[in-house]
Amino acid sequence: MASGNRTPFKNPVVEWVDSRLPLFTLMNKEYGVFPTPKNFNYFWNFGAIAMFMLVTMIVTGIVLAMNYAAHTAHAFDSVERIMRDVNFGWLIRYIHMNGASFFFIAVYIHIFRGMYYGSYKQPRELLWMLGVLIFLLMMATAFMGYVLPWGQMSYWGATVITNLFSAFPVVGESIVQLLWGGFSVDNPTLNRFFALHYLLPFVIVGVVFLHVWALHVTGSNNPLGIDVKGPQDTLPFHPYYTMKDTFGLVVFIAIYALFIFFMPNQLGHPDNYTPANPLVTPPHIVPEWYFLPYYAMLRAITFDIGIPFTDIVFIPAKLGGVLTMFGSILLWFVLPWLDTHPVRSARFRPQFRIALWVLVAAFILLGVVGGKPPEGIWVILGQIGTLYYFAFFLVILPLLSRKEKALPLPPSIHEAVLQQKKSVGVQA
Amino acid sequence: MSSDSSSGDKPDQTKREFLYLTAGAMGAVATGAVVWPMVDTMNPAADTLAMATTEVDVSKLEPGHSVTVMWRGKPVFIKHRTAEEIAEAKAVNVADLRDKQTDEERVQKPEWLVVVGVCTHLGCVPLGQKETDAKGEFDGWFCPCHGSHYDSSARIRKGPAPKNLAVPPYKFTNDTTILIG
Ligand code: HEM
Ligand code: FES
Numbered sequence: 067m068a069s070g071n072r073t074p075f076k077n078p079v080v081e082w083v084d085s086r087l088p089l090f091t092l093m094n095k096e097y098g099v100f101p102t103p104k105n106f107n108y109f110w111n112f113g114a115i116a117m118f119m120l121v122t123m124i125v126t127g128i129v130l131a132m133n134y135a136a137h138t139a140h141a142f143d144s145v146e147r148i149m150r151d152v153n154f155g156w157l158i159r160y161i162h163m164n165g166a167s168f169f170f171i172a173v174y175i176h177i178f179r180g181m182y183y184g185s186y187k188q189p190r191e192l193l194w195m196l197g198v199l200i201f202l203l204m205m206a207t208a209f210m211g212y213v214l215p216w217g218q219m220s221y222w223g224a225t226v227i228t229n230l231f232s233a234f235p236v237v238g239e240s241i242v243q244l245l246w247g248g249f250s251v252d253n254p255t256l257n258r259f260f261a262l263h264y265l266l267p268f269v270i271v272g273v274v275f276l277h278v279w280a281l282h283v284t285g286s287n288n289p290l291g292i293d294v295k296g297p298q299d300t301l302p303f304h305p306y307y308t309m310k311d312t313f314g315l316v317v318f319i320a321i322y323a324l325f326i327f328f329m330p331n332q333l334g335h336p337d338n339y340t341p342a343n344p345l346v347t348p349p350h351i352v353p354e355w356y357f358l359p360y361y362a363m364l365r366a367i368t369f370d371i372g373i374p375f376t377d378i379v380f381i382p383a384k385l386g387g388v389l390t391m392f393g394s395i396l397l398w399f400v401l402p403w404l405d406t407h408p409v410r411s412a413r414f415r416p417q418f419r420i421a422l423w424v425l426v427a428a429f430i431l432l433g434v435v436g437g438k439p440p441e442g443i444w445v446i447l448g449q450i451g452t453l454y455y456f457a458f459f460l461v462i463l464p465l466l467s468r469k470e471k472a473l474p475l476p477p478s479i480h481e482a483v484l485q486q487k488k489s490v491g492v493q494a
Numbered sequence: 032m033s034s035d036s037s038s039g040d041k042p043d044q045t046k047r048e049f050l051y052l053t054a055g056a057m058g059a060v061a062t063g064a065v066v067w068p069m070v071d072t073m074n075p076a077a078d079t080l081a082m083a084t085t086e087v088d089v090s091k092l093e094p095g096h097s098v099t100v101m102w103r104g105k106p107v108f109i110k111h112r113t114a115e116e117i118a119e120a121k122a123v124n125v126a127d128l129r130d131k132q133t134d135e136e137r138v139q140k141p142e143w144l145v146v147v148g149v150c151t152h153l154g155c156v157p158l159g160q161k162e163t164d165a166k167g168e169f170d171g172w173f174c175p176c177h178g179s180h181y182d183s184s185a186r187i188r189k190g191p192a193p194k195n196l197a198v199p200p201y202k203f204t205n206d207t208t209i210l211i212g
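The listed protein sequences correspond, in order, to chains A and B.
Position 197 of the first sequence, counting from 1, maps to 263 under the working numbering, and the rest follow consecutively.
Position 181 of the second sequence, counting from 1, maps to 212 under the working numbering, and the rest follow consecutively.
Honestly, I wouldn't trust all of these hints.
[To be verified] If you want the footprint, here are the derived chain B segments under chain A, 3+ residues with CB under 8 Å: (1) 69 to 77; (2) 98 to 105; (3) 191 to 197.
Please keep in mind that the hints were generated in silico from the structure rather than gathered at the bench.
Every residue gets a Cβ at the ideal spot worked out from N, C-alpha and C, and that includes glycine.
Using the sequences and the hints, build the whole thing.
Structure representation (structure tokens):
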């Protein structure tokens with residue numbers, strides 16, 4: 067961050083600060099003149115959008131925390147008080163509540179973008195892995211946040227998810243007691259979840275900083291997935307991408323606002339407006355929509371894994387489900403080594419492209435299955451979806467890495483852009 | 032490694048390694064000593080551990096009916112089983128069970144089944160306590176969360192749960208009073 071050759075600023079105050087701490091030089095280098103591929107499409111908006119959502123969640127969260135009481139006897143009522151009595155409490159809570167959903171929408175699209183255009187490949191592996199870490203932290207944060215209003219879904223969601231850890235042999239039960247601070251989800255659990263829900267978003271900020279730092283070392287990928295070869299391939303970040311990002315953000319916020327003001331509870335579950343009751347499980351427990359695919363994978367493992375026709379079981383169904391669920395995301399960490407095909411962008415990999423779209427379909431199918439009761443056809447569909455999900459990463463990708471013949475790559479970004487101007491064809 | 036390192040450095044080198052190792056070991060012990068109390072604060076506290084007991088009068092419970100009581104923040108199912116239900120539970124071939132237990136091992140008096148009403152899969156409260164509830168395919172309890180079926184001895188028969196519903200410590204203080212815990 068040392069600024070060897072700093073150009074002086076005209077404004078004397080700015081110059082006084084910058085010569086002592088080159089903040090302005092840094093900002094200008096990383097966000098002003100930063101050379102950015104000139105062929106971005108709108109998929110490249112979602113990083114900035116996710117950043118906006120993170121800030122939104124932190125700001126609204128801190129305001130909520132000022133009126134929230136993390137005690138089993140008061141939590142539900144304090145949230146209702148925020149909704150009814152606190153000035154603009156309803157607005158802040160609906161922004162926060164729907165904000166979690168929209169944060170996940172932005173991040174899911176952002177991750178898909180990375181997969182489609184091969185942004186996880188060399189030299190951006192670490193950048194990608196930091197992203198996966200952010201996603202895991204987000205999941206933990208959102209899960210614990212959902213427990214705070216202490217409704218029926220809060221309570222039973224917390225019960226089911228913390229019990230996942232009891233699947234691990236030997237230490238499982240002790241881990242669960244450590245998580246609960248007791249023998250069931252109770253006041254100690256609510257207290258620590260609030261403490262962690264407050265903390266983790268700031269940890270996310272830290273990892274986002276590393277994520278962006280790594281991005282600014284390698285530079286951005288682009289829809290063609292080929293390297294930047296020189297200045298003719300790039301544009302300065304400002305004003306070109308500050309404008310494009312702002313435009314996309316405004317459209318995103320408009321849709322987000324539509325939910326906040328006109329259907330604030332559409333993405334939630336009515337059972338969570340019933341206070342938590344440890345004696346009655348709601349007939350149909352479902353997590354928030356953004357967790358449904360993983361929940362479906364958890365439930366897809368209905369069988370023990372062992373030697374057939376004997377009593378020997380290596381992995382009981384419960385542990386199998388838990389490993390499948392955690393594994394489904396941990397796989398993303400090693401994605402750069404599962405897909406070693408030299409071509410990044412799916413545009414030039416017709417087989418990979420199809421396989422990836424089928425993965426998206428399987429993921430959506432799993433999302434639907436996760437919201438249904440675990441019976442009949444839904445069990446089978448969940449198993450098919452899970453099977454494809456794992457086959458994609460563990461079989462199809464390594465296979466395509468060796469076998470797939472890519473389409474010819476354009477010589478450079480700049481030539482491809484000029485080429486596209488002439489042809490009227492539409493490209494993915 | 033500088034070029035002038037000669038055999039004369041050897042004793043020094045081992046001394047240094049020894050110092051590194053001991054310093055490292057002390058550091059690890061110190062870190063552990065600081066971290067463990069903090070982690071341990073998250074374990075159940077003394078008041079939580081002070082194991083509460085629950086006393087239940089079951090004299091009014093007709094055969095075929097059950098009650099749910101709270102013990103240590105968890106529901107406990109007490110079922111007054113009918114002769115049929117007992118017979119059904121006894122008739123099961125134990126070798127076929129996932130969690131092999133005879134009915135006798137699970138009850139003190141055959142008419143009274145006392146179990147913790149927490150599904151051994153992921154902790155939901157199974158249905159089956161009310162007459163109108165679904166009781167699953169084995170005439171006991173059914174967990175709606177992920178579809179575990181328990182029989183009339185509350186043993187796991189079908190679905191993802193690995194174990195039978197747990198039998199809590201309890202005793203009969205007289206013919207119709209049960210003390211749990
Ligand atoms: C990564 C960012 C965050 C995410 C994904 C997130 C997610 C959530 C979710 C899903 C809820 C449940 C909303 C509901 O159904 O009522 C919630 C509640 C809450 N969050 Fe956050 N949150 C984040 C950051 C924060 C921060 C930084 C604070 C600051 C202390 C905070 C404070 C609260 C409070 C007090 C509640 C309970 C009130 C309520 O339920 O509306 N959150 N959060
Ligand atoms: S918690 Fe009962 S089946 Fe999963």
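Verify the coverage statement for the segment 98 to 105 of chain B against chain A, using a C-beta to C-beta distance below 8 Å and requiring 3 or more qualifying residues. Result for this restraint: holds, n = 5.
Please count how many residues of the segment 191 to 197 of chain B have a CB within 8 Å of a CB from chain A and say whether that reaches 3. holds (count 3)
Annotated coverage of the segment 69 to 77 of chain B by chain A, confirmed only when three residues or more have a Cβ within 8 Å: Holds: 5 residues of the segment 69 to 77 of chain B have a Cβ under 8 Å from chain A.
In the structure shown, no violation is registered for any of the earlier numbered hints.
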